[in-house]
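Each chain, written out:
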Amino acid sequence: MSGLDQTDLAILRILAADATRSAAEIGRSVGIGQSAAWRRIRKLRESGILGGRRVVVDNAALGFGVTVFLGVRLAAKGRTSLDEFERAVTAIPEVQTVQHVLGQFDYRLRIIARDISDFERILRRRIMTLPGVGQVEANVMLSEERLPGPLGTLG
Amino acid sequence: MPDMSDRRILRHLLADPDASNAVLARRAGVTTASLWRRLERMREAGVIPAIQNRVDWRALGWEVEVSLRFTLDKTDPRAFDEFIAAAREVPEVTEIQTFLGSVDLRLSVIARDMAHWQQIYRARILTLPHVSDSDALMLVSTIKDSAELAL
Numbered sequence: 001m002s003g004l005d006q007t008d009l010a011i012l013r014i015l016a017a018d019a020t021r022s023a024a025e026i027g028r029s030v031g032i033g034q035s036a037a038w039r040r041i042r043k044l045r046e047s048g049i050l051g052g053r054r055v056v057v058d059n060a061a062l063g064f065g066v067t068v069f070l071g072v073r074l075a076a077k078g079r080t081s082l083d084e085f086e087r088a089v090t091a092i093p094e095v096q097t098v099q100h101v102l103g104q105f106d107y108r109l110r111i112i113a114r115d116i117s118d119f120e121r122i123l124r125r126r127i128m129t130l131p132g133v134g135q136v137e138a139n140v141m142l143s144e145e146r147l148p149g150p151l152g153t154l155g
Numbered sequence: 001m002p003d004m005s006d007r008r009i010l011r012h013l014l015a016d017p018d019a020s021n022a023v024l025a026r027r028a029g030v031t032t033a034s035l036w037r038r039l040e041r042m043r044e045a046g047v048i049p050a051i052q053n054r055v056d057w058r059a060l061g062w063e064v065e066v067s068l069r070f071t072l073d074k075t076d077p078r079a080f081d082e083f084i085a086a087a088r089e090v091p092e093v094t095e096i097q098t099f100l101g102s103v104d105l106r107l108s109v110i111a112r113d114m115a116h117w118q119q120i121y122r123a124r125i126l127t128l129p130h131v132s133d134s135d136a137l138m139l140v141s142t143i144k145d146s147a148e149l150a151l
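Heads up: the protein sequence lines correspond to chains G and V, in order.
In this text, residue positions in the first sequence follow UniProt numbering: the first is 1, and each later residue adds one.
In this text, residue positions in the second sequence follow UniProt numbering: the first is 1, and each later residue adds one.
Hints in this document: simulated from the structure, not taken from any laboratory.
Remember, predicted model here, so these are calculated numbers, not experimental data.
One thing to keep in mind: the hints can contain errors.
As the list claims (entries may be wrong) - 25 Å max Cα-Cα, derived SDA-like pairs, lysine to any residue: (1) V:K144 with G:A23; (2) V:K144 with G:E25; (3) V:K144 with G:A76; (4) G:K77 with V:L139; (5) V:K144 with G:R73; (6) V:K144 with G:G31; (7) G:K43 with V:G61.
Unchecked claim - Some chain V residues judged to face chain G by a derived CB distance under 8 Å, without partners named: (8) L10; (9) L14; (10) N21; (11) V23; (12) V30; (13) A33; (14) W36; (15) I51; (16) Q52; (17) V64; (18) L68; (19) F99; (20) D145.
Stated by the list, open to error - Per label pair, the in silico range of CB-to-CB distance: (21) G:R28 with V:T75: 47 to 55 Å; (22) V:S5 with G:D83: 34 to 42 Å; (23) G:G3 with V:K74: 43 to 51 Å; (24) V:S5 with G:T20: 43 to 51 Å; (25) G:V136 with V:K74: 35 to 43 Å.
Cβ atoms here follow ideal geometry from the backbone N, Cα and C, with glycine treated the same way.
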């Protein structure tokens, strides 16, 4: 497993929960010194395992009360239609996530809107006008939780 | 409630979450001390519940990510609670969302390879309670993943 030991995994678990912890704090939690912790964090970052930061905000408190997941099927498929669709969809500010998938749909989108009528505007003016867009399925998100994944059971 | 300066700070933070506080302060037009104070206040107020580091599972050798969509048998009022409690016990589950729509629930599940995926699917996913229908979308690539808001 990429040469990671239990200490590396413990550091990953801490940073995956709170990226603002200092090397000194992390070292104390896993029982090593500050500079040893710092070296391990740098190594995890260089290997690409430790990614960038994700800022979790209370969207509703900021006036964005509606998150919708869209499944999109392209009407016509081909190299140019994928490229064209991806270029256009990633430029829409309300589209936070774009994933290319295999299955019933070709793309998964996550859309953030102020309310349902704002979402309707985005859907009509921005999504339905995308090049190559075919069938679209919308599901309004009610709740979400992210879990640390198998970090606790590795090693 | 976040004021105009808070919103400006948030806009820059969401656009570039890895920027240092000094850089963010300059971009938002506030002092570093004021930026720090405002971020602390927003964290305490729950406007910023967390700042986390992403873990790149593909870099760790976990090649497969599947988006599983479920429709539950809602004749049992405990269906949602029991399904979610069981899904939390599966270590390979990284996200759980509930929906209003044709899909009730969605899970993100990761696996090392297709053989491992099949093993998780048979042993842990097919055994989840109250499922009436499900389908799977296999992740090919993530083209955009941002938390930005039009603040």
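To see whether the hints hold, each was checked on the structure:
Straight-line distance between C-alpha atoms of K144 (chain V) and A23 (chain G) comes to about 30 Å, which puts the hinted pair past the 25 Å bound. Under the criterion of a C-alpha separation no larger than 25 Å, the hint pairing K144 (chain V) with E25 (chain G) is inconsistent with the structure, at around 32 Å. Distance check on the hinted pair: K144 (chain V) and A76 (chain G) sit about 22 Å apart at the alpha-carbon level, within 25 Å; holds. With a C-alpha separation of about 17 Å, the suggested pair K77 (chain G) and L139 (chain V) falls inside the 25 Å cut-off, and the hint holds.
Straight-line distance between C-alpha atoms of K144 (chain V) and R73 (chain G) comes to about 17 Å, which keeps the hinted pair within the 25 Å bound. Straight-line distance between C-alpha atoms of K144 (chain V) and G31 (chain G) comes to about 37 Å, which puts the hinted pair past the 25 Å bound. Only pairs whose Cα atoms come within 25 Å are accepted, and K43 (chain G) paired with G61 (chain V) is accepted, the gap being roughly 16 Å. Annotation: interface hint on L10 (chain V) holds; nearest CB of chain G at approximately 7 Å, less than 8 Å.
Nearest Cβ of chain G to the Cβ of L14 (chain V): about 6 Å, under the 8 Å cut. The hint holds. Because the smallest distance between the Cβ of N21 (chain V) and any Cβ of chain G comes to about 10 Å, over 8 Å, the interface hint for this residue is violated. For the restraint placing V23 (chain V) at the interface with chain G, the shortest Cβ-Cβ distance is roughly 13 Å, beyond the 8 Å limit, so the hint is violated. Interface hint at V30 (chain V): violated, since its Cβ lies 17 Å from the closest Cβ of chain G, which is beyond the 8 Å cut-off.
Interface restraint check: A33 (chain V) against chain G, minimum CB-CB distance 17 Å, threshold 8 Å, status violated. Because the closest C-beta pair between W36 (chain V) and chain G is about 11 Å apart, greater than 8 Å, the hint is violated. Given hint, I51 (chain V) at the interface with chain G, holds; its Cβ is 5 Å from that chain's nearest Cβ, closer than 8 Å. Using the Cβ-Cβ criterion of 8 Å, the hint placing Q52 (chain V) at the interface with chain G is satisfied: the shortest such distance is roughly 5 Å.
With a cut of 8 Å, the hint placing V64 (chain V) at the interface with chain G is violated, because the nearest CB-to-CB distance is about 11 Å. A least Cβ separation of about 10 Å between L68 (chain V) and chain G goes past the 8 Å threshold, and the interface hint is therefore violated. A cut of 8 Å between beta carbons decides the hint on F99 (chain V): the least distance to chain G is about 4 Å, and the hint holds. Using the Cβ-Cβ criterion of 8 Å, the hint placing D145 (chain V) at the interface with chain G is satisfied: the shortest such distance is roughly 5 Å.
Between R28 (chain G) and T75 (chain V) the beta carbons are some 51 Å apart, a value that agrees with the proposed interval 47 to 55 Å. Against the hinted window of 34 to 42 Å, the Cβ-Cβ separation of S5 (chain V) and D83 (chain G) comes to about 40 Å, which satisfies the hint. Between G3 (chain G) and K74 (chain V), the C-beta spacing of about 47 Å keeps the proposed range 43 to 51 Å intact. The hinted range of 43 to 51 Å is not satisfied by S5 (chain V) and T20 (chain G), whose Cβ atoms lie roughly 20 Å apart.
The hinted range of 35 to 43 Å is not satisfied by V136 (chain G) and K74 (chain V), whose Cβ atoms lie roughly 25 Å apart.
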